[in-house]
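Asker: Sequence:
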Amino acid sequence: MKKILIMVLFVFLVLFLTSCNDSAKSNELQSEIENLQMELQDISEEKNKLSDENKQLQEQILDLQSQIDSLSDTNKELKDKITVYELEKQKEEEEATIQENDVTVLLTKKDTMIGKYNQYYVTSEFSVTNNTNKDIKGIQGVVIYKDMFGKEIMRINCDFTKEIIYSGTTYIESDLLFECNQFIDSHMKLYNTKYESLAFEYQIKTILFTDGTSKSS
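Sequence positions in the sequence shown follow my numbering and run 1 to 217.
In case anyone wonders, no lab produced these hints; they're calculated from the structure. Be a bit skeptical, because a hint or two may be false.
[What the hints assert, rightly or not] Okay, derived cross-link-like pairs now, BS3-like style, lysine-lysine, Cα gap no bigger than 30 angstroms in a straight line: (1) LYS109 x LYS151; (2) LYS49 x LYS109; (3) LYS162 x LYS134; (4) LYS109 x LYS76; (5) LYS151 x LYS89; (6) LYS137 x LYS205; (7) LYS137 x LYS116.
Computed from a predicted structure; not experimentally measured.
Work the whole structure out from these sequences, hints included.
Answerer: Here it is as structure tokens:
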């Protein structure tokens, strides 16, 4: 009887210890599950936070792109304004600077004469064509006489101020006289060189227009 009682007590003790062990394991698993759930919640919160940050970054990128587009448009507008300004400035400079084809001056005749007191004169005739769109009231310039080889003989200041030269018209200046000094070689060379053997150039310094504007070289 005693042996049976001892065996029963032993079995009960084994079952009790086994039950305690299972309970401890169950508690440990429950704790791990709770920890995993907390980690999962943290991960979910972090994911939501990253999602919000990503959304903010995308909004910032769109805002920056909008600013870039705006700056690009502003830059284009500035470039267009600069181009217009440069064209206007170029036009103003052209309007104030003598262009090669503004006026055409040709030497149409060269002759000589001796004055009453034995003075030596060179007479010249010029045709002056106004190629501008304005009427000219005066031209200041220099006549350069050259020999047939292009070597300069001499320069003489020569202005055309006697008449208005209307736009698109040609004016003939026929009574220009230059008094030669017999003791200066260049003067006498000009005097003695025939028209057919002369080369000619006219350099314009200033053009005055009837509207009050002018051009200079």
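Asker: Each hint: holds or not?
Answerer: Against the structure, the hints:
Using a Cα cut-off of 30 angstroms, the hinted pair LYS109 and LYS151 holds, with the two alpha carbons roughly 19 angstroms apart. At roughly 97 angstroms between alpha-carbon atoms, LYS49 and LYS109 are farther apart than 30 angstroms, so this suggested pair is violated. Among the hinted pairs, LYS162 with LYS134 is consistent with the structure: their alpha-carbon atoms are about 17 angstroms apart, no more than 30 angstroms. Distance hint between LYS109 and LYS76 is unfulfilled; the C-alpha atoms sit about 58 angstroms from each other, more than 30 angstroms.
Proposed proximity of LYS151 and LYS89 is contradicted: the alpha carbons are some 38 angstroms apart, above 30 angstroms. Between LYS137 and LYS205 the alpha-carbon distance is near 14 angstroms, which keeps this suggested pair within the 30 angstroms criterion. Restraint check for LYS137 and LYS116: the C-alpha separation of about 33 angstroms exceeds 30 angstroms, so the hint is violated.
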